[in-house]
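Line by line, the protein sequences are chains W, D, A and S. Each residue of the first sequence is one higher than the one before, counting from 1 in UniProt numbering. Each residue of the second sequence is one higher than the one before, counting from 1 in UniProt numbering. Each residue of the third sequence is one higher than the one before, counting from 1 in UniProt numbering. Each residue of the fourth sequence is one higher than the one before, counting from 1 in UniProt numbering.
These are calculated hints, taken from the structure and not from any lab test. Hints may contain errors.
Same chains, same names: a pair is fine if it fits in one copy or spans any two.
Using 20 Å as the maximum straight-line C-alpha spacing, the simulated SDA-like pairs for lysine to any residue come out as follows [as the list claims (entries may be wrong)]:
1. 202 to 109
2. 294 to 256
3. 455 to 214
4. 424 to 158
5. 424 to 1
6. 444 to 321
7. 6 to 33
8. 202 to 278
9. 424 to 104
10. 444 to 25
11. 6 to 132
12. 455 to 356
13. 254 to 301
14. 202 to 397
15. 134 to 198
16. 254 to 44
17. 196 to 444
18. 174 to 195
Number of protein chains: 4
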Amino acid sequence: MSLLIKNGRIITASGDQVADILVEGETIVAIGRNLPAGNARVIDASGLLVFPGGIDPHVHLDMPFMGTFSSDSYETGTRAALHGGTTMVIDFILQKQGDSLRHALEEWSARADGTAVGDYSFHMAVTDFNEETKKEIKGFVDEEGITSFKTFMAYKGALMIDDRQMVGLMEEVKRCGGLVTVHATNGDMIDYLIAKHRAEGKLAPLYHYLSQPEVTEAEASERFAAMSRYTGCPGYIVHLTCEGALNAVREAAKCNQHVFVETCIQYLLLDASLYEKDFEGAKWVMSPPLREKKDQETLWAGINQGLVNVVATDHCPFMWEQKLMGREDFSKIPNGHPAIEHRFELLFSEGVQGGRISLNRFVEVACTNPAKIFGMFPRKGTLGIGSDADIVLLDPNEEHTLSAKTHHMNVDYSAYEGRAVKGKVKTVILRGQVAIDNGECHLKKGYGQFIKRSKVTDHI
Amino acid sequence: MSLLIKNGRIITASGDQVADILVEGETIVAIGRNLPAGNARVIDASGLLVFPGGIDPHVHLDMPFMGTFSSDSYETGTRAALHGGTTMVIDFILQKQGDSLRHALEEWSARADGTAVGDYSFHMAVTDFNEETKKEIKGFVDEEGITSFKTFMAYKGALMIDDRQMVGLMEEVKRCGGLVTVHATNGDMIDYLIAKHRAEGKLAPLYHYLSQPEVTEAEASERFAAMSRYTGCPGYIVHLTCEGALNAVREAAKCNQHVFVETCIQYLLLDASLYEKDFEGAKWVMSPPLREKKDQETLWAGINQGLVNVVATDHCPFMWEQKLMGREDFSKIPNGHPAIEHRFELLFSEGVQGGRISLNRFVEVACTNPAKIFGMFPRKGTLGIGSDADIVLLDPNEEHTLSAKTHHMNVDYSAYEGRAVKGKVKTVILRGQVAIDNGECHLKKGYGQFIKRSKVTDHI
Amino acid sequence: MSLLIKNGRIITASGDQVADILVEGETIVAIGRNLPAGNARVIDASGLLVFPGGIDPHVHLDMPFMGTFSSDSYETGTRAALHGGTTMVIDFILQKQGDSLRHALEEWSARADGTAVGDYSFHMAVTDFNEETKKEIKGFVDEEGITSFKTFMAYKGALMIDDRQMVGLMEEVKRCGGLVTVHATNGDMIDYLIAKHRAEGKLAPLYHYLSQPEVTEAEASERFAAMSRYTGCPGYIVHLTCEGALNAVREAAKCNQHVFVETCIQYLLLDASLYEKDFEGAKWVMSPPLREKKDQETLWAGINQGLVNVVATDHCPFMWEQKLMGREDFSKIPNGHPAIEHRFELLFSEGVQGGRISLNRFVEVACTNPAKIFGMFPRKGTLGIGSDADIVLLDPNEEHTLSAKTHHMNVDYSAYEGRAVKGKVKTVILRGQVAIDNGECHLKKGYGQFIKRSKVTDHI
Amino acid sequence: MSLLIKNGRIITASGDQVADILVEGETIVAIGRNLPAGNARVIDASGLLVFPGGIDPHVHLDMPFMGTFSSDSYETGTRAALHGGTTMVIDFILQKQGDSLRHALEEWSARADGTAVGDYSFHMAVTDFNEETKKEIKGFVDEEGITSFKTFMAYKGALMIDDRQMVGLMEEVKRCGGLVTVHATNGDMIDYLIAKHRAEGKLAPLYHYLSQPEVTEAEASERFAAMSRYTGCPGYIVHLTCEGALNAVREAAKCNQHVFVETCIQYLLLDASLYEKDFEGAKWVMSPPLREKKDQETLWAGINQGLVNVVATDHCPFMWEQKLMGREDFSKIPNGHPAIEHRFELLFSEGVQGGRISLNRFVEVACTNPAKIFGMFPRKGTLGIGSDADIVLLDPNEEHTLSAKTHHMNVDYSAYEGRAVKGKVKTVILRGQVAIDNGECHLKKGYGQFIKRSKVTDHI
Ligand SMILES: [Zn+2]
Ligand SMILES: [Zn+2]
Ligand SMILES: [Zn+2]
Ligand SMILES: [Zn+2]
Ligand SMILES: [Zn+2]
Ligand SMILES: [Zn+2]
Ligand SMILES: [Zn+2]
Ligand SMILES: [Zn+2]
């Protein structure tokens, strides 16, 4: 079966051309003017922008949490992602301290395999680095195609590794050709502040915010960059939110170091004033928390400076009832917010239509860099001959409004309720199949594949 | 007439695909697998890399200097460039202090028009910004398609403008949609050191180097970035050479500012030890001078960090006899060295084959960014449907040696004599015509066109 | 004649002791408990703080300006200084461009000698550095006891020297054992902004402020520090006002450089909101202008960090009628404000009583560091055996209010009208003579001596 | 009993005067010219420098370690200190994890009380901060006169506290009016490197050095400064050794923070090349290790910039036989080197005579700042009326050579064997008693007193 997408304005991270795209099977085979349709299904893209499928490298689907799970399954989550132009996600496997990486991989695969609608991969979160864990790294890189290893500098006793483990992991991951990613906040300081606020009876969502001040992120980012520099292991900071943390990266640049930086769409668009809404602030309880307007400016600038490489979501939705677990105590509010469906359109609307970033930069941070950094390029992340036919058609001028009533994520509130967006995803193709058209999903549960990834490089 | 380039590995700044390219007339019309040849001339690119034509945005051809001229004319210079994979150059028109911009444009056009073999454009160097000059800016941007305005913070009395003029120019250029570029060194300090060295009888080429210490460049770069930030005018630093200057840019990044940075191939590869060779050092007398090994490391890192955007040459060749004008006094050595022909291959060899940068990054800094920053994208700088068919086929494995005996530049020495290079340009196409093949140039004098450029943006 | 000051709490920059001070002639001869009075006049200092006489190293008395003069003569100015606890000042001789240093010295000496009530010295402002000027430097250091050379990076055409002159001057001053001080603002940028505002009809005092944004000072401070580092000449920045400029110094500290920093009392206490008062803002039209609250914080912190070494005034008073010269055009308002009388008490009140600095630090920045940096220590700036008996008795608890009605400066408005001050100078002694007592000055015009200064060092 | 020290050149941190000092009992009562001798013992100080007694705020005497003790007792250690001009030391009480602060205080007091010859105090090292520990802080400050609390960011499982404890401690110490001091190195990274080197059979003293690279100290210093800034608790970094760490402090200065910095004499004078001497390098095995020449430059500059406030020793001597415990494994070498006797003379010789620092600065960092920062000023640290008569007479021109044969410390090697010193301590007075004269100690064991200290301030 083949598809011919006609007359779209095709945008890649470094291209801008009006042309047709011919797809055969799962693959793009030609881009050109007036390509013959043959027996291909023709999709008219006149007036539309044609992008590579979005890649969200930071999501948490069906994630076990305090006896329950994040509310989007691999099915609902990847389907919602497709609605919003994201054709692939990377989720996180969490090692249980005291247990093996492999065991966690099996557990996560059991939930995802045969369930996902869109394509997916996993980062392997190493929460207990020891001699046994060390032996498993090479197999993940060479055989499982899982080449990125997530670490936590917070959540002591559950997820956190100390700096000794971090340096040890970095040396092993470097040796094997992988990448270490990090949740970079100073967990000890945060634990202190949480305990202090609770002891003082300060229990509202606002105190979630006040327990994770900018310094906790700046400090840890600086520390992570120092360890990455010392070991020479490629490093990647997830969900960087603030000026202090980006300045730590900028300072590290003076030592000729390159550490990749991801921010998330919410840190570009929302700010901490939302925590002043009493318990409604729980909708945006996530870690790190939302920051200030000055931080938004810093992040947009960082994208244009080439220092912020990726815009993700850290999608981790919980139903309002689940959020209510923390009604009496902010520290019990499940962390996370729903965004997997909106990242692509929001970044387009605020970034490109808002005049903050170019079309090429949009594709770079939403599609291409995630693919490159995580070892899937050029199969994913661009529109090239031989690439997977993951394609998004977007009408740049169509305005619409986000709402829990209309979104496709399995969560009963929207973090962006009522927000106006300029630019709407019209058609999405995943590996040659029309996934989304006219607001309908045409793919079945299980269509999504696990994508094996290659060894990584610190040069993209 | 059409061309079909078959089976090459096509690399753009964000693409990597094995495919055919079909060219009709001057334009690329299709990229795909197994494109039908029709009556097109077929060029087999199997095993070759296929790049966009290189763009060197910093050259000086036929430049008047002390009663003589730089030794490459627009003919010999652009032809040599083509031999080395560079299909377009941007030269500098120099306003004469006291005279108009337009008069200088006419003078430069007279030398270039009908002479160039490859495509070209001009930056307009503003050396005397006053009320009359101010009135000319808009016309250059809107009508002449000359949107970048070069300034000098050195060469007082000849080319230098002071900071008052700089800020005034920036405000006007910003208003008109242009870009201010700068030779950022502290000319006053340099003039002092030159005079001091001469007074002390220190007259060898080494003292050219010692008269332009790193601080003179770091200081001026910092100052330029500050003025660009204050005015909001997009800025671009030409031929940045050293750690101190790049750190000034990195520091400016913390103020959320983006200033574009160009380095030149020689600053990545050569170092100041060459000035210890007595008068032979005159071959590399240029401004700024070559720096230290630590600066090379900084520049390569800056490329990977996304902070160094362009690799150019500052090509300004002089015959050895011309260089001899300064035998008794370094300050009389004509500044500049020949590199227009070698930039593309040297950057490929040392950058890509040397494992320092990726293929995509190579294209970004050698082709795409110059086109984007200077308003010629996507017509130039990439391989896309509708783009000019400026195409380079390079054999990544062919090794060869640079020499004045074999180069095509009109200069009787090589700054890279005997240097081994891995990767050789085999075929070059300019606007659909085979320009270089088998080491021969097939284009005539005058084929090269003046390319009008668009308004610029600080978002690329 | 002798004096015995009994039972005061004697504070120096590193001492804190309750004791008696015995003065014989002009000199302190003993400090101790229960010193015998002999035939000495006894002054009871119980409950008072006893400080070294304040030194204000930045004043402009009887300064020629646009056909008139700053309104305090050496008589009225030094007398007012004494009233406020400042026993010595350093004024500025301004070389006339095209003329010699010596000629200016003669002119200034003619106005000061035999006129001053308090002690004084001069900085020599070099506004035209050339081969002739260069020859004069050594004589000023060795014979005149004038070892500090002031430069201006602003006021082109009148006072400014360019960077070539600056570097040349620094090398000569270093060779001779002197110090280069600087008014560090980018005059070219400021000239641009002044002209622009005037052209736009923006003529109120507010535009004086808006014509000298922080960047103009930060940039020049960074540039000056770079030149000082390159030449190795000790440097001193006068009237540093803002975060950007102090950060430039802090950044220079990373290169192991030490550059001395002076701020003025007004930059610690007043802010730019005063410019919003229509023409009344003219009272505070000075260069640099008042800054923001965040800058005040930075300056106080800089004092405690040891990076801001001196608090001066840049006292340069003009009668309201003189200020009115700029009623229609801010650029015609004579620059400067009256503060010579209040610096000591204001710094005590806001710094020490306000809990911002220690008593020792107060003496360090108001007395000792000026003496050390400018080569008068230990004769001046401390209370030691053999030091000049320049002594201030201050009641730390007496509250009073500043006003033009009560001040002793020859100016008809107060820049601090109505400001409450905690701490009052009660008695002042200059070289063993009671200068001020009970609010009366007991010294005659001409008592003040010109103090020859020693070669300087960058180690204090 | 009284003493009259005649005609010395008396130097304090801000004074320089030739005069006599009269001592009655333990106290200075007068400073002046030609003071009457009365029945006082007269000491002729003509031609000598007269300094306040040195204070070494970082020593470890009789410190329990692996079943043995550091080789200097409070008797031998404080006596050796007196020989070298140091009249007071501050030692460290180490809390045992799981045990109370008080219990440790009792243990340490038992060893020191009645034993010391010179005066002393203790820092309280908090190695286990919990609810019980928290309750003890106030008592130490208010009743015991122990106002500084030492922390370790290294030595996990023995001395280290985590950042949660650190922040908690800081808040409590701030509340009580104390100061938190820190051994700032990243213990986790160091533990990793030690284990790695041992696993690789790299067991020589050189690997002690290579296990503690600059980054481990820079990182921890930055982190400590961040926590100090966040909590507002005054902070003090002990034994800072390197450029990276001082730059962290300089960067913190930009946030208007002041954190006190101590370096030690060995980091100013010795460098890591000593570790290349096979096992002899064990003599200088200490933590942090010696660094590079560039770090020495940074530290001297830091002193002149006012950012390095104190020069101490971290004196912790071990006999050669004790050092041999680590012959087969660097990690078993007892850490520390003997310096308590030499600090004052070495700093004078290399600092003052070497032209690197002024006489005043010498006193500031060797005497006055330790007294001020740790709450003993003006009783200790200066020469003022009412101050303890702790006085050192030093002949600035006498040259001598350091050696284990002649030193007074109880250790059988010298870390400075054969080093020439210009300037020799001739006479030392402690609280009015001649302690050292003609190379003999005239004080008995037990003369030394425990000095209660006051609440501290971050303004000195
Ligand atoms: Zn996270
Ligand atoms: Zn996450
Ligand atoms: Zn240039
Ligand atoms: Zn050039
Ligand atoms: Zn000034
Ligand atoms: Zn002034
Ligand atoms: Zn330690
Ligand atoms: Zn210690």
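Results for each hint:
1. In this assembly of identical chains, residue 202 and residue 109 lie within 20 Å of each other by CA distance neither inside one copy nor across copies; the values are 40 Å within and 42 Å between.
2. Taking the closest pair of Cα atoms, residue 294 and residue 256 come within 20 Å of each other only across two copies (10 Å); inside a single copy the shortest separation is 26 Å, beyond that limit.
3. For the identical chains of this complex, residue 455 and residue 214 are neighbours neither inside a copy (33 Å) nor across copies (31 Å), given an alpha-carbon limit of 20 Å.
4. Within a single copy, residue 424 and residue 158 get their C-alpha atoms no closer than 40 Å, and across copies no closer than 55 Å, so neither meets the 20 Å cut-off.
5. Proximity of residue 424 to residue 1 under the C-alpha cut-off of 20 Å is found in neither arrangement, the shortest distances being 27 Å within a copy and 41 Å between copies.
6. Taking identical chains as interchangeable, the C-alpha atoms of residue 444 and residue 321 are never at most 20 Å apart, the minima being 29 Å within one chain and 76 Å between chains.
7. With identical chains, the CA atoms of residue 6 and residue 33 are at most 20 Å apart both within one copy (9 Å) and between copies (18 Å).
8. For a Cα distance limit of 20 Å, the shortest separation of residue 202 from residue 278 inside one copy, 12 Å, qualifies, whereas the shortest one across copies, 47 Å, does not.
9. Taking the closest pair of Cα atoms, residue 424 and residue 104 never come within 20 Å of each other, the shortest separation being 38 Å inside a single copy and 49 Å across copies.
10. With identical chains, the CA atoms of residue 444 and residue 25 are at most 20 Å apart within one copy only, with a shortest distance of 17 Å there and 46 Å across copies.
11. In this assembly of identical chains, residue 6 and residue 132 lie within 20 Å of each other by CA distance neither inside one copy nor across copies; the values are 54 Å within and 50 Å between.
12. Within a single copy, residue 455 and residue 356 get their C-alpha atoms only as close as 33 Å, which misses the 20 Å cut-off; across copies the closest is 17 Å, which meets it.
13. In this assembly of identical chains, residue 254 and residue 301 lie within 20 Å of each other by CA distance both inside one copy and across copies; the values are 18 Å within and 9 Å between.
14. Within a single copy, residue 202 and residue 397 get their C-alpha atoms no closer than 45 Å, and across copies no closer than 42 Å, so neither meets the 20 Å cut-off.
15. For the homomeric pair residue 134 and residue 198, the shortest alpha-carbon distance between copies (18 Å) is at most 20 Å, but the shortest distance inside one copy (38 Å) is not.
16. For the homomeric pair residue 254 and residue 44, neither the shortest alpha-carbon distance inside one copy (49 Å) nor that between copies (44 Å) is at most 20 Å.
17. When the C-alpha separation of residue 196 and residue 444 is checked against a cutoff of 20 Å, the pair qualifies neither within a copy, at 49 Å, nor between copies, at 51 Å.
18. Taking CA atoms no more than 20 Å apart as the test, residue 174 paired with residue 195 passes between copies only; the shortest distance there is 19 Å, against 37 Å inside one copy.
Consistency with the previously given hints fails for numbers 1, 3, 4, 5, 6, 9, 11, 14, 16, 17, ordered from lowest to highest.
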